[in-house]
Each structure stands twice: as structure tokens, then as C-alpha cells.
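Kindly generate the complete structure, drawing on both the sequences and the hints.
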Amino acid sequence: MGSSATWALLLAVFLAAIVEFVEALTIVLAMGITRGWRSALAGTAAAVVALAAFTTAAGYAITTWLPESALQLTVGTLLLIFGLQWLRKAILRSSGLKAMHDEAQIFDKQRQAAQAAHPESRFGLDWFGAVVSFKGVFLEGVEIVFIVITFGLNAHKVPAAIAAAAAAGVVVIVAGALAHRPLTAVPENTLKFGVGLLLSTFGTFWAAEGLGLFAQNGESFAWPGGNWSILVVLGIWVAVSRLLVLAFRRRAAARADADVGAGVDAASVTEGA
Amino acid sequence: MLRFAKAVGQFWYDFIIGDDWKIAAVVVTVLVVAAVLVARGVGSAAAIPLFAAAVIIGFVAVMFIDVADS
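First to last, the sequence lines map onto chains L and G.
Using our numbering, the first residue of the first sequence is number 1, and each one after it goes up by one.
Using our numbering, the first residue of the second sequence is number 274, and each one after it goes up by one.
Source of the hints: derived by calculation from the structure; they are not laboratory data.
One or more of the hints may lead you astray.
[Stated by the list, open to error] If you anchor each label on the Cβ, the simulated ranges turn out as follows: (1) L:Pro119 / G:Ala326: 52 to 60 angstroms; (2) G:Val306 / L:Ala70: 32 to 40 angstroms; (3) G:Lys279 / L:Lys109: 24 to 32 angstroms.
Bear in mind that the values here come from a model prediction, so they are computed numbers and not experimental data.
Ideal Cβ placement from N, Cα and C applies to all residues, glycine included.
What follows is the structure, given as C-alpha cells:
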């Protein structure tokens, strides 16, 4: 894999990890402030251990049982589905048809839920704070692990992908520790748009290469132009996304005009994370 | 045990399929059709651009269906 493709890969991992770390930080902060730092950090530590076990098991299974073309096909397909989900949300948000992801609002909701929860102590910990922190860190962490494993294995750059994710973690944790509040200044929607584009691009590229599994020799297909075609695929996804945003913005504006009398907000059409 | 299996299944469904199953359906359908074509002798020069174009067209169609439905 060429150096430009490698840098694109590392950028994708770094940005995706930033987004997921920010979301996990919001949950841990809310639990730490309302239910106590001991329980929140214990839940976080348990999630990190579970993630390490998950990563080892998944990495071993994938590298041991899948031949090259099957790996590309499996990983490419999963990345494509995953990336297109991110891209879908980003397009709907950019066009005003979906409410923007609001870290401060999520923090407030988590804090209110934590304040309302009944105190329950297990193993000397506040169980609500520990469990919510565990779930938040594990679920966001699985997404990071998934991206690190898929990108790293397919490009044969696992250590670099891990380093990129770890760097993102350090950046977010240091920023969170200094700010001591959710990182609302992080342009999460823009980052998600960029990551969605990169995941969709690499997903398209690798899934197409993996189609060679069904050819008579079972070997991976090669794109015309090799890795340079990644840039072409990326350019096409950028153009398609941009056109969709423009088309849907017009639609959102028309709806907003129509809803003025009824007092309906265009962004309330769809909700979600 | 059943509850655990259900929770694991739900986790993977949410993780991979997300909140729009149509995207996964499009990708898998395009992949199956492309795999059949390749198995029948279509080479990489035709299969790769066809696959990429079908995924993009499918995604655009899903987006318009989503917006029209909402």
C-alpha cells in the first residue's frame, strides 16, 4: 500500500477514534461528576480490559481463518456498510433533515439519568455509574477496535492503526481532563462526514478487490491504476455526498417554508445519535 | 442464556445494520449479484466498476427513499 493511501488510512482511524473517544468521554464525565469518579473509572478500566480481550480474539480469528481475498471481501463489506451509515447520518445532518449531534445535550441527559437513578452498591462501587461507564466505553471502543482491525489487517499496518487510535485517545483524554466538561468544541458532525467518506471509500475498494474470491483462481482483483484509484473512488463519494446535501437542503428549505404555519422544526423530522 | 444470546445478537445488529437496514440490504444484494457475475466469468475490468457504480446508485436510492419517507 502506497504512502498516500497509508496516510489516508491513518487519518481515517485517527478521526474515527476522536469521534468515538469524545462520545465515551461524555458518558464517563457525566457518571464521574454525578455518581463518583471511583465507580466511573472502574467501569472504564473494566471496559478497556474487555476491549483488549475482544481485540485479541477478533484479530486472531480473522487472521487465522480467512484467506487474503476473503479478508478483503469481509472487511470491505463491513466497512462499506459501516461507512455508508455514517455518511447517511452526516448527509441528513448537513442538509438540515436530522438534528445535529449535540454533546452538551447528551451530557445533560446522562447526568439527569444518573441523578435520578437509585443508589445501589456492589463490590464497593456505585453500580449505576460503573455499569453505564462500562457500557459507554465498551460500545464506543468496539467501533474503534473494528476500524483499527479492519484497516490495519487489510493494509498490513496494524501497529500504525493502533498508534493512530491511541494518539486520538491521548488527545481526547488530555483535552477532557483539562476542560473537565464535554468536548463540545470538537466539530463532531464534520469529522463524521470525513470518516464516513473514508470508510466508504476503503470499503468500496477492498470489497471490490475481494470479489476475486469468486473468480476461478480465487485471487484478489486489482483495481485499474492500483492504489491511485482510491483517490478516484474518494472523489466520487465526495461528489455524490455533496450533490445529495445540496438536493436535500433544498427539500429541507421547502419543508421549513411549508411548516412555518404549523410550527414544526425541519430538524425534528428524524432523530438519532 | 437465551437472554444473553439475544443481547449479543441485538448488539451486532445495532452495530452493523445500524438504524437503516436498507443500506446493509443494498450492499449485500450488490455483492451477491457481483459474486454471481464473477463466478460466471466476468473479469475484474468489468466487475469492479459495475460493483462500485451499483453501490453508489443503491446508496443514492436509499437516501431518497429515506427523505421521501420521513
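Verification of the supplied hints:
1. For the pair L:Pro119 and G:Ala326, the beta carbons lie near 57 angstroms from each other, so the given range of 52 to 60 angstroms is met.
2. Roughly 18 angstroms separates the CB atoms of G:Val306 and L:Ala70, a value that falls outside the hinted 32 to 40 angstroms.
3. Judged by the Cβ atoms, the range 24 to 32 angstroms given for G:Lys279 and L:Lys109 holds: they are separated by roughly 26 angstroms.
Comparing the model with each earlier hint shows a violation of hint 2 alone; every other hint is respected.
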